[in-house]
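Chains as they are written, first to last, in the working numbering: chain D, 1 to 510; chain W, 1001 to 1493; chain P, 2001 to 2482.
In short, the hints are calculated from the structure, not lab data.
The model shown is predicted, which means the values in this text are computed figures rather than measured ones.
Keep in mind that a hint or two might mislead.
[Unchecked claim] So, partial list: chain P residues that the calculated Cβ filter (under 10 Å) puts toward chain D:
{"#": "1", "residue": "2009"}
{"#": "2", "residue": "2040"}
{"#": "3", "residue": "2274"}
{"#": "4", "residue": "2375"}
{"#": "5", "residue": "2378"}
{"#": "6", "residue": "2420"}
{"#": "7", "residue": "2434"}
{"#": "8", "residue": "2467"}
Backbone N, C-alpha and C fix where the C-beta goes; we use that ideal spot for every residue, glycine too.
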Amino acid sequence: MDFLLFRDGGPPILSMIMLLPLIGAFCLFFVKTEEHQKYLTLGVSILTAVCSLPLYFLFDSNTHKYQFAEHHSWIPSLSVHYTLGIDGISLLLVLMTTFLMPLCVLCSWRYITNRVRTFLFLLLLIETSMLGVFMALDFIFFYIVWEATLIPMFLLIGIWGGDRKIYASIKFFLYTLAGSVLMLVAIIVLYFNTSPHTFSIPLLMGQAYSFSFQLWVFLAFFLAFAIKVPMFPFHTWLPAAHVQAPTAGSVILASVLLKMGTYGFLRFCLPITPDATLAFTPYILWLSIAGILYGGLTALAQNDMKKLIAYSSVGHMGFVTLGIFVLNPMGMEGAILQMINHGITTGALFLCVGMIYERTHTRELALNAGIGKHMPVYVTFLTFFSLSSLAFPGTNSFIGEFMILAGAFTDTKLIAACAIPGAVLAAAYMLRMLQKVIWGGTENPVHNTLSDLNVREIITLTPLLFLVFWIGFGPRPFLNIMHVSVAHLLEQVLGTQMGTSSLTAHVLLP
Amino acid sequence: MEVIISSKPLIAMLFALTGAILVSLSGKNPNIREAWSVAAASCMFGIIVSMVPAILDGNILKYQVFDILPGLSLTFRADAFSMIFALIASFLWIFAAFYSMGYMRSLEEHAQTRFNACFALSLFGAMGVAFADNLFTLYLFYEVVSICTYPLVAHHQDKEGYSGARKYIVYLTTTAKGLLLPAMILIYVLTGSLDFTDNIHTGIFPADVNSSLIIILYICCLLGFAKNGIMPVHNWLPGAMVAPTPVSALLHAVAVVKVGVFATTRIMLYIFGSDMMSSLGLGTATAYFVSFTIIMASVIALTKDNLKARLAYSTVSQLSYIILGVAMLTPSGMSGGLIHIANHAFSKITLFFCAGAIFVASGKKTISEMSGLGRTMPFTFGAFGIASLSMIGVPPVAGFVTKWKLLVGAMEMDAHAIVFLLVLLSSTLLNAAYFAPVTYQAFMGKHPGNEQFDGIKEAPLSMLIPLLTAAVFSVIIGIWPDFMMNFVNLVTK
Amino acid sequence: MNIELLPMFPLSSFFSMGAELVLLTLAILVIMLDLFYRKKHLLPWLVIAGTLCSMLVLLNTSHATVFDKMFIVDGYSIFFKLTCLVGVLFTVLLSESYLKVEQLHQGEYYALLLFSSIGMMLMISGGDLIIIYLGLELMALSIYCLVGLLKHDIRSNEAALKYFLTGAFSSAILLYGISLLYGLTGSTELSTLAQKSLSLNLINNISFLLAIGMVVSAFCFKIAAVPFHMWTPDVYEGAPSSITAFMSVAPKAAAFAVLGRVLLVGFADLHVHWGDLLACIAVLTMGIGNIAAIAQKNIKRMLAYSSIAHAGYALLGILTGNSEGLSASMNYLFIYTFMSMGAFAVLIWLCDDDRRGEQLNDYRGLSKTNPLIAVFMLVFLFSLAGLPPTAGFIAKFYLLFAAVHSGYILPVIAAVVFSVVSAYYYLRVVRYMFFEEPQNETILPMSVGMTTALTLAMIAMITLAIFPSFILNYAQKTIIGG
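Okay, chain D solo, but in the shape it has when bound (with noise of 0.2 Å):
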């Protein structure tokens, strides 16, 4: 165990982070008013993100090691463990998602008004399911907290969502179940593939399988996380997921359960199949640029909000996985960075859909032309998400793709430049639905009665307008923590071609 850093003294803290928003949910029940219970969680998610704190400053970028490490036995007689523990790839996503939390609650204050505590628990449960993806270093306590996580959003679409919400949940729900099976039946043969037999993550890497296995290992991993992600062509579940869901899943989603997957590549497809990684890495590549432009170019055809923001996701995920399978330091970083960058670009944005949508009762397009007009603050946080989206630079999204490209430029030309009609297509479509919505053709007696945004809703889009400007500036703090971490990942894919391969090494790595 000798990859677990363990923290002598002081409390459990990666448990207590994860746990703090479940205990939370169960408190909801004994809370009356709905109001109440509103304030409730706004607390529990704002103490995690405090506690959540402490891992940025305590944590040492110098290792790749597993800091804050927690080691019990759970079902000793499956060898099953309860083992957690954050590196440089995983830290900055337990933070984003910690920090996400308040405001998902935030946005849902008047959005949410059935079954409010339910909504609440279910934000919480969440929560703590994603946390425990994010943490997890046993396979099959990560395979629960992984699947768990559908659950809570199959209802939270299902009860809270559109006109097609049931398609739309059912839909997500099996598309993920059915993508993440297989892994299990991975997992338990990669168990019986290892000697000593175990499910710990960190152990089950650099082992020698033979390549064939390796292959029918990748591609169970790569089906679960490629639906999860979602990679073209098995994205067709995520458009009327967030379509339907109300503000907060959406953000959820988008945030947090889509980086699930692409979390899933780093911490398991490459470092456990390094040999079937590199076998697949071309197909995937041109999977990606199918990602962006097909992203792009339906993200363009749309004529209502969410949609277009849900296909825009395809696109940037598709960057990411491009990041990740060039397979060279600044591809990765900057896929990371993407990831972290997509979760604030992407959810701000459809925070300010669900604002709208609060206002309009509707998504489309052509009855929100011209609100700008009206709603001035509210259209200058939009403007400044867009550009964030089609990665305009001095953004975050324009160092995320930067890295990205500069890394596939560094290695592959030909697939680099494919990916650059992506970008402008991002431009494109971002930029055609900020011109209708703030200028729009036609007025709109409709909105002459609407009101810009409130305080609630300025903090809530705050932060992540402060963040998109931190780390389109300011991104080194980010790139430090996983300096160390990525470049082990690629020594672990890589073996010794590390530091020879690419001229990135000197560019970024100290």
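Chain D is already provided as a structure; the job is to place chains W and P on it using the hints.
For chains W and P alone, kept in the frame of chain D given last:
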């Protein structure tokens, strides 16, 4: 030459940004709002002027704001090259602020607050381009200009405005994202840095870089900065002329297109370097390429009856002079090109101011309608005449200096000199052919359809004074070009 | 009674049957009380007390093989008996209110229930095919009657008759198999059979294999494995709901216990023959059970098919032919008892004068009218689907784990794929409960039995999900010879 750490470039830009914020906050009171515009413009000009002595001593002012990635930072620099653009743009903003006040109020345009705020933001972007110390900063502010001028182009919010604005934004963002972005990333991958050099000859590329890759990069950059109006990426410019005239005046004669040209030349000299340009033959190729634009745009301008459209194509043609001059890679050629940034700015803004004044005073847009109007509006057309002389390149107006330098530069070339001499001469003839008739007809021509220009008088003073001053300045810098030439010489030495 | 007649069996042998004897006494007591005692509403509580008592006795019974190896008390049998008794306990709890709705006679109902459980326990403990057969018949006959208790319901009549006919048919097959085995080896005792099959070199003997096939088929009939599942949907649908719940759990567990014992003790050396055969049966069972369940409009029928599918899952453990797989199956059946009983509890709770909890519409908007029940049902259904983080997942995981360990990858892949299919029809119920608006706002009363049943099932679900190792260890320890 030494590098001085100074935040002045940043402060200059922040004046524009603050101005934009203050303008948008004081939308209720037009007088205060306009006062902010003027104040921001004046302050910005003041701080830029205050940098002049240090620059003239051969120093560079630098200020790093954010260190983003290794070799990638948000850094500003003020050197002679940036001063050419920054001085002109900030100076003319003061004029434009007054002029647009008169124009917008006379026509009782809507959304003036937005207009003024975006105007200031565009200047913010333009200054950012001028003071950029690396390709990233340049790209960032280049895009800021694109985004912030969009509302200005689409200002009328009618069908024509939207389609013009759409063309505008599609051209500019597509080229910037599709060509510039990959080029920038490739440069970063190849060199590990995006910083401009201090030496215009060496460039930043290591010697062993694949030359075909360099050529591809160069083409991407040349066409990527579509604001420079080179054919075939020029089409947005005539389309954008649907904007209110002050916008056309400042932005499409000074800020936006100059941002494009400035960026192009900045890249040519400070990223690729004149040595590599000439060794790969890129200079000559570019010169041929833009020569085509010079001639074609002039020919198209001849066919336009709409005054602003004619001016737009004239701009396309004139911008290519600048690039042509730099692409010659000879000292005089470069000087001619760079000084034309200033000369063209003063003359073209006069022309657009005049066009706006004519529209405000008479509501006329086409040249054929203006026949005989000069007798009713002598000041305006007088200024127009002076500025067109500058465009043609007649002494003693500013344009002559350019033409002279360019001709000398062409002759200094080892080969192809005769071609570019011919290009310059024929384009001068074409310039004369499309500019001279306008003034001539205005003063000498008959009223179309015997219509009497009853009730038409000169535009309001807030418009007239800026346009006359600009015309005067065109003459002044034609007679005494030394001030601007100092900067140009610092660059080319 | 003349003790001399039973010289071989010391009186202490009967201590090994303590739990069965308690139940027998209880059954007779119930019949008596039904005749003479007025306060019939106390009957179920008496049965519950008796069952608990029997459980206590069971847990304190020492391991022994008595009655000339005919009756075996070991950890294995105790585990399965416990599972069955839990099933009985739940059934009684559910029946308390249900019988009133259906206006059934209590005495005969409980007595038959108890007799059938005695039959099961005999089966489970049987070390000889004859005893197993006797137990099986005792169980089956009682259940035939129970299925037909709704005398005025034509579906119930049909179900009883159908069950009886097919059941008799399967018994005949079993008997035929047993007689063939006896003819070939001269014994019906399982360990002797195992020895003889080796010593007489019968492993590739066609008639021996045929005999085994018959025996296995008969048990497959009881566990409703494809292709012997045809009776299940109709019988489950027609039977009183509480009996359906009972049948989905207890007889199935008993049949599994026997199957496990017969295959692993009697024919362990023939694993090459029956391993792959059972794998095919398991895949077919999971497939047909799950796919057919999708098409069902009636919840009881849906649960019937789902229980077929679950038999397929449970077979995954047995087909490995080793103790790990067997303990996985045991564990699965134990956890399955709680989730299935929980789901049926909700179904029965929804029975009132004008509905039977069988239609999807009965569940419409349940989360609004009775949020707690809806949440319970949600947990039971997701658990049945085997989704994390429910106890059903742990159960299924262990099964897959064991099957993979023995190299049965393809059946495992089929199992997980079909579990996705199953998620679809479970989700449908969830959808009606949570996503639809309620039709009528009536809040149904909760009887004490129902409350207890639901609470117990829920507590078990939670406990087994969070601390599964307790039951896993127990199942592993109790394996034959372990």
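Against the structure, the hints:
Given hint, residue 2009 (chain P) at the interface with chain D, is violated; its Cβ is 38 Å from that chain's nearest Cβ, farther than 10 Å. The interface hint given for residue 2040 (chain P) is violated, since its Cβ lies 38 Å from the closest Cβ of chain D, which is over the 10 Å cut-off. Below 10 Å, beta-carbon pairs count as interface contacts, and residue 2274 (chain P) has none with chain D, the closest being about 23 Å; its hint is therefore violated. Annotation: residue 2375 (chain P) was flagged as interfacial toward chain D, and the flag holds, the nearest CB pair being 9 Å apart, inside 10 Å.
Hint status for residue 2378 (chain P): holds, given a least beta-carbon distance of 8 Å to chain D, under 10 Å. Annotation: residue 2420 (chain P) was flagged as interfacial toward chain D, and the flag holds, the nearest CB pair being 5 Å apart, inside 10 Å. Residue-level restraint check for residue 2434 (chain P) holds (minimum Cβ-Cβ distance to chain D is 6 Å; threshold 10 Å). At a threshold of 10 Å, the smallest CB-CB gap from residue 2467 (chain P) to chain D is about 9 Å, leaving the interface hint in force.
Comparing the model with each numbered hint stated earlier shows that hints 1, 2, 3 do not hold.
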